[in-house]
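Start from chain A and add chains B, C and D according to the hints.
The lines below spell out each chain.
Number of protein chains: 4
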Amino acid sequence: MNISEKYKEIRQATIDFCSHLELEDYSIQVVQFASPAKWHLAHTTWFFETFILKNYLDNYKEFNPNFNFLFNSYYNNVGSRILQTNRGNMSRPSTDSIYEYRTYVDTQMQVFLKTISDKEIINLITLGLNHEQQHQELLITDVKYMLGHNPIFPVFNDNYALVHGKNTSVERVSVAAGIYEIGHQGADFCYDNELGVHKVFVNDFIVNNHLVTNGEYMEFMESGAYTDFNLWLDEGWSWVNNNTINAPMYWHKMDVEWYHYTLSGLQKVDRNAILCHINYYEANAYAEWKGMRLLTEFEWEIAAGQLNWGPRWEWTNSAYLPYPGFTKENGAVGEYNGKFMSNKMVLRGASVATSKNHSRPTYRNFFNPTERWQFTGIRLAK
Amino acid sequence: MNISEKYKEIRQATIDFCSHLELEDYSIQVVQFASPAKWHLAHTTWFFETFILKNYLDNYKEFNPNFNFLFNSYYNNVGSRILQTNRGNMSRPSTDSIYEYRTYVDTQMQVFLKTISDKEIINLITLGLNHEQQHQELLITDVKYMLGHNPIFPVFNDNYALVHGKNTSVERVSVAAGIYEIGHQGADFCYDNELGVHKVFVNDFIVNNHLVTNGEYMEFMESGAYTDFNLWLDEGWSWVNNNTINAPMYWHKMDVEWYHYTLSGLQKVDRNAILCHINYYEANAYAEWKGMRLLTEFEWEIAAGQLNWGPRWEWTNSAYLPYPGFTKENGAVGEYNGKFMSNKMVLRGASVATSKNHSRPTYRNFFNPTERWQFTGIRLAK
Amino acid sequence: MNISEKYKEIRQATIDFCSHLELEDYSIQVVQFASPAKWHLAHTTWFFETFILKNYLDNYKEFNPNFNFLFNSYYNNVGSRILQTNRGNMSRPSTDSIYEYRTYVDTQMQVFLKTISDKEIINLITLGLNHEQQHQELLITDVKYMLGHNPIFPVFNDNYALVHGKNTSVERVSVAAGIYEIGHQGADFCYDNELGVHKVFVNDFIVNNHLVTNGEYMEFMESGAYTDFNLWLDEGWSWVNNNTINAPMYWHKMDVEWYHYTLSGLQKVDRNAILCHINYYEANAYAEWKGMRLLTEFEWEIAAGQLNWGPRWEWTNSAYLPYPGFTKENGAVGEYNGKFMSNKMVLRGASVATSKNHSRPTYRNFFNPTERWQFTGIRLAK
Amino acid sequence: MNISEKYKEIRQATIDFCSHLELEDYSIQVVQFASPAKWHLAHTTWFFETFILKNYLDNYKEFNPNFNFLFNSYYNNVGSRILQTNRGNMSRPSTDSIYEYRTYVDTQMQVFLKTISDKEIINLITLGLNHEQQHQELLITDVKYMLGHNPIFPVFNDNYALVHGKNTSVERVSVAAGIYEIGHQGADFCYDNELGVHKVFVNDFIVNNHLVTNGEYMEFMESGAYTDFNLWLDEGWSWVNNNTINAPMYWHKMDVEWYHYTLSGLQKVDRNAILCHINYYEANAYAEWKGMRLLTEFEWEIAAGQLNWGPRWEWTNSAYLPYPGFTKENGAVGEYNGKFMSNKMVLRGASVATSKNHSRPTYRNFFNPTERWQFTGIRLAK
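Chains as they are written, first to last, in our numbering: chain A, 4 to 385; chain B, 4 to 385; chain C, 4 to 385; chain D, 4 to 385.
Next up, chain A with everything else stripped away, as it sits in the complex (with noise of 0.2 Å):
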């Protein structure tokens, strides 16, 4: 496929996603860091009229000069921004607007990819293009939190609850201690948080290859977990407190079962499907509950080749750091993940928002311990 119909492809499917949403849906904000679709819709678009037509097409006429103020996430580089907080505050533009905004950014892209062949223009692109992607996903993490806050649980398409996945194995994988290369190798695409191949000493170690089911969770959920301190790491045992836990983010007890909220609607927890929106302090309870741990993210990697992985990210004792030797990309593009490097756990895998394509072992994903509205899960080593 070349870059022009991956770009149709990518940005085609953030609009499929869109067509079984509400025109009300498009512009809510429940919580700081869950943005309305509206804007995923918007700042998708702004990056490559930003990054690349207002850079690169000769003559490129702006949209709209207001929208470098609305949809810029975080690229201090690019100008001043809304607050995150504020994004939902806005019920104009129109979705329609941004529609055709989208619409007026792909024709000047389409016609500008047939004309160029600059490799480090289309490694931009590329960016842009996975960037989309990690919208997509942010986009159904967001949507279902905002319904799934909505007291009458609305119904988002019967046929994606997104979370029914069961382990097909339950084997356990064995890796030898030793070195080991870490990193993205090879000319595809990575991000660069991946980049500087790196050994690393690891000892011996047995893995899971199966993750965490509901059935498992519940029996911890059982035993008391979540009021006994002694599981819990110290700012885990306060989130815990603070915002009375006492269940992964969506479930709900009526009368004596355990219901969660899915994109489908409300449904009953199914105790052999994979559990999922936990967060990192959940994940490092169960695996103390348990008298096991959690991978480091340079053993995930070296074990990845043997494990089922896919259907949730995979929580790891490993903060977000950068690898020896990483450097930032120069000017606005050097935000995009350097940055963000302090107070965050690196997160594994894939998961069933994931898009297409969008996955490899070398992906180091990454969140603030505290956050479960991804569709999180927890595998355990020892």
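Any given hint could be a false lead.
Same chains, same label: a pair holds when it works inside one copy or across any pair of copies.
[Said to hold, decoys possible] Pairs of lysine-lysine residues, derived as PhoX-like cross-links and limited to a Cα-Cα distance of at most 20 Å, are as follows:
#1 271 to 169
#2 57 to 202
#3 359 to 9
#4 385 to 331
#5 117 to 64
#6 385 to 9
#7 342 to 331
#8 359 to 342
#9 271 to 359
#10 293 to 342
#11 342 to 385
No lab work stands behind these hints, which were simulated from the structure alone.
Chains B, C and D alone, transformed into the frame defined by chain A:
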């Protein structure tokens, strides 16, 4: 006009205003005190469903059992409800379904209205209609707040700026000391907080027939008033400093000129037009600066017959407290007014956003002294 | 008693109270509104230094130039000052040096007092002495707050519980409707907020000569009043719920008995003693529950001559607002009262903690409706 | 030195430091993370009473049953405790009674120490003594914080500025790539977080033998670094802006010169002295500005033998996480380290405030990346 015609006219006025909204404008909540348009549409309908149809119409079938939770505002007697801050989190129910709700309730109300003669029920319906008129004004001011805080300052309606009224008289009115009767008399509708006719003694006073203009207020600003603590109440001074206030709400200085957001978009401030969007602290500080004072609500009511009033709600120097002999009504409608009688100041008169036939000299409006998103103004006395 | 003797007596009373403190008790600030004892000692001294000695005593040498910043309370006209919340952060200046400051200023004041006859200066000194008396009461209540929130409930003084007063009469007093004069008359000292004698019209009313007792209030509690929203003002109901209030301040249920912290330590609540430490919302809810009401401050002043008052400050149903014709004094002392005239309720009478000769029927005290660390009580009327 | 002598020496060192305090200095808490001196004195004593005397001394009689509630820091296994923010609210128990508590416990400990030979108990006592030494350092930094935030900048001790150390070497140290062993070996005391000797692979690196000086940091400041977002981690940039930071903690610009608060009072900043009181974000930004980087904690440990270290705790670029094979100890002492392993960065080395014999190359200190009240510094590498 009979009750059935009144019902139709007042209910229609709400929809007429909303006809200028984009669909995206219905669901957004920018700040706790300003509710989404969709919520106003539903809540005023909920009032008739809850207090009339459910109680008095045989075999009435509730439109949707979730709506009591979603659209109850503050009536503890009618059950639990979502938090006021969360009203803007609900993309669903859709705007269309809220309009269906209105049609459903209006249809049943029209059937019901043809059959009733019970005075008490008619009074309750009249309360519901006055309640709807109050929400019409809030709808205007809440929409203005939402659009006026959008960085692109959208135009709601080109012919609906609402802020250009001018004074037609600059005389002063004198009132002689003596005992006067305060409170609503006669059979017409009024709120419970206007009842309890009682005597008050007032001293001689003189009051301006005109309201303070933008130009007069600019002189106050230019004198450095926002940085002179001697003019301000202690809490007002904190409010000014904590929020770095230096002008009325919606005013923006662009180069050397003041502009303000109106429902017709950003416009240059007209020095001759009547000032609005100032709070009690600003009104009080302005009076202090002029060596004059605000009226008490009693003085206002006594002088009202001789004053030009109507374009701006006027801040008085009276706290909102019960009249002698005030008694709450029984049940939920008793929550209408009485429970707000602390830390509020009384406003008298009406405003350009007040619905037709919804003002009278005994009307007592009330807001926190910090609030200024209503069309408020200043009248001076001594 | 001449001004010099008065000065000596009143200044000494502050020190007498402090003689029961441990050195550790002088510097702690537990909550923003309660200042450390050391601060009270210094601030009352600062008043005389700033407003008298610096202005009127030739060649007066300031004790310490830092003290204006440290011990100014809220007089914007006298320069910047530390934040009220930071008063408890200062271990230094030491308590000893504050006592030296008092001695230094008192010595110079005594010299100065012998020479003066200027009426205006004497009035200012009298204001300073009344100011000191107000701080004496705050000193008592602030110390009680600090010790009463210490988990070991220390005894301040075995013979100083302050809360055991009982009613001596249960009659009711009737007052006839008519015009009455309100406000301070005569040449004795009063605050500026008592001035502006003016007429008010009041209706007939009946008022209890006795104050509500602990036992009566327990009945209110036992009736479930703290969970019945119908009894509460809207802001009061929020206050109850946000702070999970179910009893007056300092009350603790131990097994089945109620105890309360007093300055003589934890003691069993005496059902016959007069209730104290309730706020305006509680006073108002209690009156509502009894089917009665609080007095206005005008009714209180009119009836005062026939009432037993003194042991508890009594909440009225009047907001703290200026009397007709109120004018602030010029300069810093003009900040004494007027600028607090918003969101406060008036209390009338005095309390067991009020200094000798520091009460009169026209005295207007005022606090936020949420506050209850003063020795406040309830008198009912109808 | 035997355990009894060690106990005496270390316990005495705490008291020696406190001998310079005024009585008023013992009880104040200015900020949540800095505890009052009185609390440190009591808490370190509580450790011996709780973990040694109550468990192992027959017929031991607790000094005061309230003290477990008052002076437990964060040991959930030892019961409930007062909130950390409330430690400064307690004027009582008095400082004298805390000294009595120390004497009481020390007397019994000395009796007990003479009788014991049980290795496990001796280890626990050794842990208690190391715990006391950690609190000695916190005591110094907490006292500095309290006095350094007092607007009159009191002198603690004229000969105890602590910040004047200078570099004695400007060489660089090279380390060759390879596998190295990390973690504490041998029988001497160490914390549980240092255990689990394990191999790591490190690349070649070069590291400065000297620490960054005040003068070098001033160049960074003068270059506009505090306003250049490209130098900062995202959370660091928020921290700078939310707190309007433009210099290290305790620095104040007076006219054109920088002064900083030291325990000997305000002093002019010496450009040649070693920088301190910067946080991880500042350390990281400085390294970025220099085109260099911080060491990882592993690199630091490997190079330690060739480095001059000691005057400043050095920020590393390692998150505080468990070593492979880390296991918490059973019971309350298991809460010592492990539960803090999230959102902290590791510091290595020691500081001028570190107690004698309380440092070693494997020691892992850890703080939030925002904190800078410790004597922290910067060492650069590449």
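Hints, verified against the model:
no.	hint	in the structure
1	271 to 169	within (15 Å within a copy, 62 Å between copies)
2	57 to 202	neither (40 Å within a copy, 50 Å between copies)
3	359 to 9	within (12 Å within a copy, 59 Å between copies)
4	385 to 331	between (34 Å within a copy, 15 Å between copies)
5	117 to 64	within (19 Å within a copy, 62 Å between copies)
6	385 to 9	neither (41 Å within a copy, 40 Å between copies)
7	342 to 331	within (9 Å within a copy, 33 Å between copies)
8	359 to 342	neither (27 Å within a copy, 38 Å between copies)
9	271 to 359	neither (28 Å within a copy, 52 Å between copies)
10	293 to 342	between (35 Å within a copy, 17 Å between copies)
11	342 to 385	between (32 Å within a copy, 19 Å between copies)
Violated hints, in rising order: 2, 6, 8, 9; the structure is consistent with all others.
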